[in-house]
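Novice: Got chain A; can you put chain B on it based on the hints?
Read off the chains here:
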Amino acid sequence: RKEVEQDPGPFNVPEGATVAFNCTYSNSASQSFFWYRQDCRKEPKLLMSVYSSGNEDGRFTAQLNRASQYISLLIRDSKLSDSATYLCVVRPGAGSYQLTFGKGTKLSVIP
Amino acid sequence: NAGVTQTPKFQVLKTGQSMTLQCAQDMNHNSMYWYRQDPGMGLRLIYYSASEGTTDKGEVPNGYNVSRLNKREFSLRLESAAPSQTSVYFCASSDWGQGSYNEQFFGPGTRLTVL
Chain A
1 RKEVEQDPGP FNVPEGATVA FNCTYSNSAS QSFFWYRQDC RKEPKLLMSV
51 YSSGNEDGRF TAQLNRASQY ISLLIRDSKL SDSATYLCVV RPGAGSYQLT
101 FGKGTKLSVI P
Chain B
1 NAGVTQTPKF QVLKTGQSMT LQCAQDMNHN SMYWYRQDPG MGLRLIYYSA
51 SEGTTDKGEV PNGYNVSRLN KREFSLRLES AAPSQTSVYF CASSDWGQGS
101 YNEQFFGPGT RLTVL
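Protein sequences, first through last, are from chains A and B.
Residue numbers for the first sequence, in the working numbering: 1 to 111.
Residue numbers for the second sequence, in the working numbering: 1 to 115.
Bound-form chain A, shown alone (with noise of 0.2 Å):
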């Protein structure tokens, strides 16, 4: 099993629609968890932190369930500029310097 599993996609959702993308990581000891944005041809940067409790900002919502392993991220009123592929990003444990990133979904928002 692949440490950190999303589905690749691509989504296609039209504008103003709501988009759920889901992922799921196999180490019980993660401590950290992420949501990272990538452009097409550039880098990857930081979309949010999820928290245990849960977490908002602005039209983008992040849960996180560590009975399942599962963490997900909602995006609500999707724009234009939402066009990107949207990273899984998991700190394996307390100790741990590294992050282990997911694959990746494609999100395209068509007008």
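These are computed hints drawn from the structure, not numbers from a lab.
Here the structure is a predicted model, which means the values were calculated and not measured.
Treat the hints with caution; some may be incorrect.
Unchecked claim - Derived DSS-like pairs (lysine-lysine); straight-line CA-CA distance at most 25 Å: (1) A/Lys103 to A/Lys79; (2) A/Lys79 to A/Lys106; (3) B/Lys9 to A/Lys103; (4) B/Lys71 to A/Lys45; (5) A/Lys45 to B/Lys9; (6) B/Lys9 to A/Lys42; (7) B/Lys57 to A/Lys45; (8) A/Lys106 to A/Lys45; (9) A/Lys106 to A/Lys42; (10) B/Lys57 to B/Lys71; (11) B/Lys57 to A/Lys103.
Specialist: Using the frame of chain A, we list chain B on its own:
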């Protein structure tokens, strides 16, 4: 602040040639990382340096060497390039400490083609 910078942006090598990718960060971060990104494979860690003076192998270290020159700079060397090393290479840096969520900041990448 420039953040994380990488040079060169593009490079074409012939099989067997060597080259060094340079990376520098101006955020006073302790940890630095080298990744490669291939279509369908996602980001894979090559080497990392948790702090100045230390380096460790990541998931795919074969064919590469690294040097943590000082706190700011972390270079990646390909001694004898192979076509399988054609990829996009990203350098990243992060802070490390109590309470840190270990966000990594990435450079713009180097697109390397080995013929």
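Novice: Please name the hints from earlier in the document that this structure breaks, with their numbers sorted from lowest to highest.
Specialist: none
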